[in-house]
Amino acid sequence: MPLPKVIVIAGSTGSGKSAIIRFINDHFYPAIDLETLANHRGSAFGQLHFYASQKDSQPSQEALSSDHSPTSSTSPNNTQPSQQQFEAAVQQCWDKHLQAPLIFLEQEAPFIGKCKIPDWLCQQIATAFTIRIYIPKTIRIQHILDTYGNIPVPLLSAALQQLEKRVSPQQMMLLNELLQAGEAEAFVENLLSYYDHSLHYLPGYAHELYFDHGDIPEIATAIVEYVRRAFL
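In terms of the UniProt record's numbering, the sequence shown opens at residue 1 and continues consecutively.
Quick caveat, the hints were computed from the structure, so don't treat them as lab data.
A portion of the hints provided could be inaccurate.
Said to hold, decoys possible - In silico DSS-like cross-links for lysine-lysine, where the CA-CA straight-line distance does not exceed 27 Å:
(1) K96 with K5
(2) K114 with K165
(3) K114 with K96
(4) K165 with K116
All chains should be modelled from the sequences, with the hints used to inform the complete structure.
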């Protein structure tokens with residue numbers, strides 16, 4: 001029996017890749033959500049998604065202009081699994097869908113937080129059918145604000161320091177000033193300038209799909225239809 005065809009969805013930060021993966025898994029074909037299995041969103045701000053998912057989130061501008069610190073009662077469990085636990089979970093997900101024609105994955109760096117993607121899956125990803133999606137930057141900014149807008153400034157500031165060795169002193173100063181001033185949109189826009197110019201873990205060739213909107217169901221459906229035309 002042939003193995004499932006691996007489909008990797010790539011795209012710039014804020015493109016909604018995780019939401020697209022989940023929609024495809026719920027409505028079309030199985031997907032392995034590596035970030036959920038690793039309990040991390042894969043960037044310097046990766047573990048802050050726990051606060052982003054809280055039901056009592058505040059509007060983005062209010063949250064980014066707040067100087068209050070999170071209390072222990074509102075701090076969710078942000079512990080990542082051990083490498084052994086992560087690999088076992090990935091293997092279980094893979095084995096569960098061996099009879100499927102397609103398995104979708106999101107583009108990831110080799111490490112998601114402290115969890116390393118298993119070598120066997122890295123080999124699958126290296127030869128995968130990769131689709132890179134392009135979403136307008138204004139929509140990506142709004143998506144990030146909508147998703148992470150309730151995160152307290154002290155947590156954002158601490159995460160930002162992890163980029164200190166990777167951005168210029170001038171850029172770091174600007175990001176800190178925007179964050180402390182509560183300039184949410186400008187902060188995200190300048191942060192994306194860093195991520196958009198950082199290394200992308202892509203193969204030499206990727207199929208490209210361009211969208212002028214950020215509608216997750218429409219984008220996910222378009223991706224699936226594109227893949228079906230290619231393989232099914």
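To see whether the hints hold, each was checked on the structure:
{"no.": "1", "hint": "K96 with K5", "verdict": "holds, 14 Å"}
{"no.": "2", "hint": "K114 with K165", "verdict": "holds, 19 Å"}
{"no.": "3", "hint": "K114 with K96", "verdict": "holds, 25 Å"}
{"no.": "4", "hint": "K165 with K116", "verdict": "holds, 22 Å"}
Violated hints are absent here; each numbered hint is respected by the structure.
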